[in-house]
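Engineer: Listed below, chain by chain, are the residues.
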Amino acid sequence: MIQIILLIVKVILLLLILMGGFAYTMLAERRFLGFFQLRLGPNRVGPMGLFQPLADAVKMMLKEDLMPLRADPVVYRLAPVFSLLAALSVDAVIPFGAPIHIFGQTVNLDIANPGIGLLIAFAFSSLGIYGIVLGGWASQNKYSLLGGIRASAQMISYELAMGLSVLGVLMMAGTANLENIVLAQRAQGWFFLPQIIPFLIYFTTAIAETNRTPFDLPEAESELVAGYHTEYSGIRFAMFVMAEYINMITVSGLAVTLFFGGWLGPSFLPPIIWFFIKIAIVLFVFIWIRATFPRFRYDKLMSFGWKVLLPISFIYFLGTAAFVSGIL
Amino acid sequence: MIPFIILAVIAIAGALGVILGRQPVHSALALVGNILALAVLYLLLSAEFLAVAQVIVYAGAIMVLFLFVVTLLTAGKEEGEPPEELGGQRWWAGIFAVGVGVVLAILAVTHPGSAVNTGIPSNFGTIDGLGHLLWGSDFLYLMAVAIMLLTAAVGVLVLNRPMKKSRVSRPGREEA
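Protein sequence lines correspond, in order, to chains A and B. First residue of the first sequence: 1, per my numbering; consecutive thereafter. First residue of the second sequence: 1001, per my numbering; consecutive thereafter.
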């Protein structure tokens, strides 16, 4: 019984953390972009603009929910839900901290701790494409459709390199369980040192998977209006944005778990705080990159994914395999 | 038993949706639902790696490529187009499908796998267990599948190879 209550509490807490994380990542992004571009950014609502997300939330919920006349009604409504669902479910397997002891119970700081946690995370995140493709198709609008199609091609291409880049970590840790991967880094040292090239590839593909600049071709405003979410407004548009930012938090969480020792850190701060600090640093790099790099051209993007990232990660994967198995 | 019935109903509903859907994208979506239901069924059978592979490979990659093509082809297509002539093929397909299903069910009951009597090994369905099967006793089959897939990849390369200069009949083909 107490297990079930704990599980429900953990699910609600995770949702709150992710929603709060989404709101304040977005605010931080707008503020930092402001500083990068020598302007202020939103600073009017509350002290330093800290209540801006609340104002945005009210605005999004009160806006009219529009649907184009020729849109496919079921798929049009389903697409943002699918996007958000896939984004939220990945975080269920990410361990946020070391197990803690309260009320005589040992509580793992994740919703589930399956033996194949890493693969489950990849399975859920691979479902996130559907929201974008279906949203683009259901709008029955050429720009939206092109955005959706670009998204599907781009995400499939980069998913391959991403999968190969984490296999090295999987082999070094000898397990696909995310908690054990973190514990393996306590013994072997953080994996980003021996796996520096796979980490860089993982990070590049993570930016592409979340459709962020410089890989934001699916929503390139100079070519496609706003891509797959051109027709969406109000709460459904907000769901697409939520999915994008939660995906950012998720891939950052996976990067920290796989390459930067997860919740490990000196003991003067609790493990969960270390985890959040590391995620915040990765998120800042995401924003930094957005402010720095121009957008790729579409054909360059594809050839970069297939002809550069994929071969390099494959070669490094073979090398790691040879090293781990003791041939080298 | 109850989870099985729920999943079976979802899987069958998805399968029916694939063939009954008027809109190709709806059919593809129904197939995704079917694939996900099957994945959860695999989980119930404690084949966890297979379940995740099913989602990653079929739902996450192959069906997205399907949707890629289908959305491109059906964009802006009108609803009222006449259905294509298939003759009696729909009926024959149904009869064969039911026949194959019945034969498979009979075979499964009369020739159960050895695991039904011996029980499944402790590492069944994990990455470890499946790896030992694929790279151990079933290595030959794995290689056969690999060669088959390689053939397909080579076929795509051959079909898409750049035309030789002498065979290009129309001018300006090189830019294409």
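Be aware that one or more of the hints could be misleading.
Said to hold, decoys possible - Beta-carbon label-pair distances, calculated as ranges:
#1 B:1005 - A:300: 29 to 37 Å
#2 B:1153 - A:74: 51 to 59 Å
#3 A:193 - B:1105: 34 to 42 Å
#4 B:1089 - A:73: 47 to 55 Å
To be verified - A partial selection of chain B residues facing chain A, derived with a Cβ cut-off under 10 Å:
#5 1026
#6 1032
#7 1036
#8 1045
#9 1048
#10 1054
#11 1056
#12 1063
#13 1072
#14 1106
#15 1108
As the list claims (entries may be wrong) - Just a sample of chain A residues kept apart from chain B, beta carbon distances all over 10 Å, derived:
#16 6
#17 51
#18 130
#19 152
#20 184
#21 192
#22 196
#23 222
#24 266
#25 271
#26 282
#27 284
In case anyone wonders, no lab produced these hints; they're calculated from the structure. Positions of the beta carbon are idealized from the N, C-alpha and C atoms, including for glycine.
Engineer: If you take the shortest Cβ to Cβ gap from residue 1032 of chain B to chain A, is it below 10 Å?
Structural biologist: 7 Å, holds
Engineer: When you look at the beta carbon of residue 196 of chain A, is every beta carbon of chain B farther off than 10 Å?
Structural biologist: Answer for residue 196 of chain A: holds, closest chain B Cβ roughly 25 Å.
Engineer: Tell me if the beta carbons of residue 193 of chain A and residue 1105 of chain B are separated by a distance inside 34 to 42 Å.
Structural biologist: Since residue 193 of chain A and residue 1105 of chain B have Cβ atoms about 55 Å apart, the given range 34 to 42 Å is violated.
Engineer: Would you settle whether the hint for residue 1048 of chain B is holds or violated, based on the nearest Cβ-Cβ distance to chain A being less than 10 Å?
Structural biologist: Since chain A brings a Cβ to about 6 Å from residue 1048 of chain B, closer than 10 Å, the hint holds.
Engineer: Would you check whether residue 1072 of chain B satisfies its interface hint, that is, whether its CB is within less than 10 Å of any CB in chain A?
Structural biologist: With a closest approach of 6 Å, the residue 1072 of chain B hint holds.
Engineer: For residue 271 of chain A, is the shortest beta carbon distance to chain B beyond 10 Å?
Structural biologist: 27 Å, holds
Engineer: Are all C-beta atoms of chain B more than 10 Å from that of residue 51 of chain A?
Structural biologist: Fine: 39 Å to the nearest Cβ keeps residue 51 of chain A off the interface.
Engineer: Non-interface claim for residue 266 of chain A: all C-beta distances to chain B beyond 10 Å?
Structural biologist: Given that every Cβ of chain B is farther than 10 Å from that of residue 266 of chain A, nearest at about 33 Å, it holds.
Engineer: For residue 130 of chain A, is the shortest CB-to-CB distance to chain B above 10 Å, so the non-interface label stands?
Structural biologist: Violated: least Cβ distance 7 Å, not greater than 10 Å.
Engineer: Is the hint on residue 1056 of chain B kept, meaning its closest Cβ partner in chain A is under 10 Å away?
Structural biologist: 5 Å, holds
Engineer: Once the closest CB in chain B is found, is it more than 10 Å from residue 152 of chain A?
Structural biologist: 5 Å, violated
Engineer: Is residue 192 of chain A truly not at the interface, in the sense that its beta carbon sits beyond 10 Å from all beta carbons of chain B?
Structural biologist: Label holds. Min Cβ-Cβ 23 Å, cutoff 10 Å.
Hint violations for this structure: numbers 1, 2, 3, 4, 8, 14, 15, 18 and 19, all remaining hints satisfied.
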